[in-house]
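Each chain is listed here by its residues.
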Amino acid sequence: MFPSELLTVRRIKGKVIPSFLSPDSQDYTRSVIDLFLSGTGKTRGELEKEIRNLETGFPNHKAIRGLSILMERKSYFERPTKLDPPSVRKFLFAVAHKIPLTPAERKRYIDLAADHFGSPPNGIDAAIYGDMDDQFILRSTDAVSQKLLGLEYNRELVETLLMKSDYMKIRLSGGWKNLIWLIKREGLMFRIESENASIQYVIVDGPLTVHTQTTRYGERFASLFRHICSAESWSIESTVRLKAGNAKSQFAFSIDSASSDLFPSVELFREEFPEFPWIVSRDPEPVVVAQRVFYPDLTVRIGDRTVMIDLSRPAYQKHNEERDVLINGKGIPWATVYLLDAGEKPVKGAINVTIPVNWDSLHYALETRLPGKSSRKEETKKVAVEREIPAGFADRLRERIDALLPDFDRISEYVESEGYNPSRVLPELGYRIRWDGLSAKVSRKN
Amino acid sequence: MLMNSGKSPPTLTHRGGLILLANPSFGPPDFFVYDDRLGTYTAPAFRYSDTLKAIKGLNDQVMADEGSVDIGDVEGMRSYQKEAIRQWSSNAYRGIVVLPTAAGKTHIGLAAMSRLKCSTLVVAPTIELVRQWKDRIERTFGVKVGMLGGGEKDILPITVSTFDSAYLMAESLGNRFRFLLVDEVHHLASEQFRQIALMFAAPYRLGLTATLERPDKLHETLSEPMGGKIFEMGYEELSDYLANFRIVRIPVDLSPEEQAEYDENRRVFLTYLRRHRFSMRGPWDFERFIMSSWNPEGREALLAWRRSREIAFNAEAKIDNVRYVLSRHPEDKTLIFSEDTETAYMISKEFLFPAITYLTPAKERKEYLDMFRSGQVRAISSSRVLDEGIDVPDASVAVVISGSGSSRQFRQRLGRILRPASGKNSTLYEIVAKGTSEFHTSSRRRKGVPVGTPDSEKN
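Sequence lines, in order, name chains A and B.
In terms of the numbering used here, the first sequence is residues 1 to 446.
In terms of the numbering used here, the second sequence is residues 1 to 459.
Hints are supplied without guarantee of correctness; some may be wrong.
[Claimed, not checked] DSS-like mimics (lysine-lysine), calculated; alpha carbons at most 30 Å apart, straight line:
{"id": "1", "chain 1": "A", "residue 1": "LYS318", "chain 2": "B", "residue 2": "LYS53"}
{"id": "2", "chain 1": "A", "residue 1": "LYS90", "chain 2": "B", "residue 2": "LYS434"}
{"id": "3", "chain 1": "B", "residue 1": "LYS349", "chain 2": "A", "residue 2": "LYS82"}
{"id": "4", "chain 1": "B", "residue 1": "LYS366", "chain 2": "A", "residue 2": "LYS98"}
{"id": "5", "chain 1": "B", "residue 1": "LYS53", "chain 2": "A", "residue 2": "LYS15"}
{"id": "6", "chain 1": "A", "residue 1": "LYS445", "chain 2": "B", "residue 2": "LYS144"}
{"id": "7", "chain 1": "A", "residue 1": "LYS441", "chain 2": "B", "residue 2": "LYS134"}
{"id": "8", "chain 1": "A", "residue 1": "LYS13", "chain 2": "A", "residue 2": "LYS62"}
{"id": "9", "chain 1": "B", "residue 1": "LYS217", "chain 2": "A", "residue 2": "LYS13"}
{"id": "10", "chain 1": "A", "residue 1": "LYS441", "chain 2": "B", "residue 2": "LYS217"}
{"id": "11", "chain 1": "A", "residue 1": "LYS90", "chain 2": "B", "residue 2": "LYS349"}
{"id": "12", "chain 1": "A", "residue 1": "LYS42", "chain 2": "B", "residue 2": "LYS144"}
{"id": "13", "chain 1": "B", "residue 1": "LYS53", "chain 2": "A", "residue 2": "LYS107"}
{"id": "14", "chain 1": "A", "residue 1": "LYS348", "chain 2": "B", "residue 2": "LYS53"}
{"id": "15", "chain 1": "B", "residue 1": "LYS217", "chain 2": "A", "residue 2": "LYS90"}
{"id": "16", "chain 1": "A", "residue 1": "LYS90", "chain 2": "B", "residue 2": "LYS53"}
{"id": "17", "chain 1": "A", "residue 1": "LYS107", "chain 2": "A", "residue 2": "LYS169"}
{"id": "18", "chain 1": "A", "residue 1": "LYS62", "chain 2": "A", "residue 2": "LYS184"}
{"id": "19", "chain 1": "A", "residue 1": "LYS49", "chain 2": "B", "residue 2": "LYS333"}
{"id": "20", "chain 1": "B", "residue 1": "LYS434", "chain 2": "A", "residue 2": "LYS184"}
{"id": "21", "chain 1": "A", "residue 1": "LYS445", "chain 2": "B", "residue 2": "LYS134"}
Just so you know, these hints were derived from the structure itself, not from any lab.
Remember, predicted model here, so these are calculated numbers, not experimental data.
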């Protein structure tokens, strides 16, 4: 995503169309690539001046700036001094208590620093702010074709526009599962419109959208775009809020796979959804109950049972409880797992996992907490006591526990939601539980 | 008041910056909307206290905080500070207090905290201010204070946060604090930050500012979520409590080369304005000009305007005048303000004292401010980050090398040297390039500032 001031669009009768770089715009990409390739050895400040000059030569100067940002990300810059600039500053500011008002007075302090750091005086001058970005020297730039740079620019332009959007209506030819997973992971809200158990489209917005027009979720919508545009057939409809005169106005924005050639093709869709032997299907069939269609995220095998799982968010609790009663009432094995952000309150009595999901913990929680397993409560307790914390997971547990200190109730709730016994795990992780009457506080052992 | 006669009591919870009302039995208050995706009624979290008033027998599960916090009382309140707290208390502990810089707004905030003794989130715009609040609260009440922002994420019953962090974390922290204290509350009115006010459930709220009114009038949108303006006093009414001050404008000439380049760039800019019939009567006209600069001719005009401004802001003679001011005040703590970071660093390199800009790492900022407070360094140059709120009790000289035409910015910069101290006489110097548009900018920003002074000579 670019900074929003680099957004370039045309506005026509209430619609907004991004000003894409076409294959005919190679003079833009060529000029920026040349500027960086020939800029080796120059400071970022010098390059910045050259970019500013280049901007004046092109009608769409914002495109030059956007392309330069992309090239900067592909470039390696190096600090111009071997000295440690903060140390040099600290030394100079401390010794120059009497402010130098003449060149001779200033030179005396610089010479003192030169002696102290074993550097020539001009090295001291270069080091004072040698850690500022504009002083860094371009050492190398990754190779990139003009075509690819143009396509990357176009994709970022759409993402920048979507940052200003308040909802998205998405159609896809397939691969819904991963997109919906991403939507849930981002804490967005969605409504699925389907026909004959087939998803027609999904409308995505955020919890606050029903109360106020907001672009709060725009960045999260934008993050979905590169997944959407890598599908074979897709479309997006949205409204974006852009400045028009002194106020902001709404414009319609739509784009579809007819424009796919404008963007780089990247296969991203499976990267977040892992494969495990206990996950039977990552793309299960929808369930139809009482003429309503429900879409599980996973089908899992737990012992001898096959259960459909919905990965949901706590905000949907009320809706999910009614839905789960309806589905379970028909004898269909279905369970809801709540995805929590760090620090978010778990849903009482439900299976909760924190994002990013530890799939081992989720498996464990499903094994022990699925409906109908309460007769195994004693067995569960025993397993919880004996279960070891997977390598690498202890640090994440600690991070969350630290955020909840000293609240014993919330820490216990969280530790249990990850499938562990708090009274065993907390001391093992380096915490102390202090009881005061009926309440307890958790602190770190020193 | 709504009554619930059903078996399950109406239940209120908090999720993602909303309050969710289940089993309302009767129609819920107007501000609730039924969200069929969630199967429940929702409202922005700031409606929490209204909901408590409106529904009896509510199963309230909204707050997830410690409840009360153990802090002491605040002593040494001035009469107007007491009055501000009285007005705020009688407005159900909600509202905005408007007082000039250096009038002790932080003290009022601390008094409000001690009055409520509950979980509190203090929100301030810059990391310096956030750290300053943390220090003041810890020193005043002897408690550990959590912090969000500047790379830190430590949430405690009393926590301080930047606006950015509070905005980003409003969804998960919206029910963790009963008292929302917002410093420089005029920033809260922006479209983005207003969501902090909407998404936190805190029933008690206090906003502090020296300059509530915004040119875009967005401050009016704060009335509902923050409780409106409940107390205001100006410089004139508080003169007994502020340091004496004078404002001195030092006009400087551009060098012949600077003047020629300035004139040429100004000509390009003005020619474009005339050709396209732009008149510059205010910020909106200027915005219209910026919007038109997408074409090469407009772009050239915009760049010419920028260059002419740079020349005026960074005139060589200004450095000599800074040298002159520093020599006039060899013992006084001095703040040097510029509009851009480049100038702040240039001054710092020339005179070998620290520069604090938005690029300065948090650790260094703190070190420099500590060095300044202790007297180890006598001056700091800064772009705009020190404009607001930073508590520098004994700075008595300010030099404005360049700035915008905003009266708000000018008053804030002036406020940096007005904190009272025994026998203190403060001076603000404005160094302005003669024969440039900077002169008009200077006159514009002085409007509303109580002391009008003629241009001064060096004597």
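We went through each hint and held it up to the structure:
1. A:LYS318 / B:LYS53: Satisfied, since the Cα-Cα distance of roughly 24 Å is no more than 30 Å.
2. A:LYS90 / B:LYS434: violated, 36 Å
3. B:LYS349 / A:LYS82: Roughly 19 Å between the alpha carbons, so the hint for LYS349 of chain B and LYS82 of chain A holds.
4. B:LYS366 / A:LYS98: Roughly 21 Å between the alpha carbons, so the hint for LYS366 of chain B and LYS98 of chain A holds.
5. B:LYS53 / A:LYS15: Distance of about 44 Å is beyond 30 Å: violated.
6. A:LYS445 / B:LYS144: holds, 18 Å
7. A:LYS441 / B:LYS134: holds, 24 Å
8. A:LYS13 / A:LYS62: With Cα atoms ~23 Å apart, LYS13 of chain A and LYS62 of chain A stay inside 30 Å; holds.
9. B:LYS217 / A:LYS13: holds, 29 Å
10. A:LYS441 / B:LYS217: Roughly 47 Å between the alpha carbons, so the hint for LYS441 of chain A and LYS217 of chain B is violated.
11. A:LYS90 / B:LYS349: Given that 30 Å is the threshold and the Cα spacing comes to 12 Å, the pair holds.
12. A:LYS42 / B:LYS144: violated, 48 Å
13. B:LYS53 / A:LYS107: Given that 30 Å is the threshold and the Cα spacing comes to 70 Å, the pair is violated.
14. A:LYS348 / B:LYS53: It holds: about 27 Å lies between the C-alpha atoms, which stays within 30 Å.
15. B:LYS217 / A:LYS90: With a Cα-Cα distance of about 44 Å, the restraint between LYS217 of chain B and LYS90 of chain A is violated, given a limit of 30 Å.
16. A:LYS90 / B:LYS53: violated, 57 Å
17. A:LYS107 / A:LYS169: Measuring from Cα to Cα gives roughly 65 Å; hence the hint is violated.
18. A:LYS62 / A:LYS184: violated, 34 Å
19. A:LYS49 / B:LYS333: violated, 36 Å
20. B:LYS434 / A:LYS184: violated, 60 Å
21. A:LYS445 / B:LYS134: Roughly 25 Å between the alpha carbons, so the hint for LYS445 of chain A and LYS134 of chain B holds.
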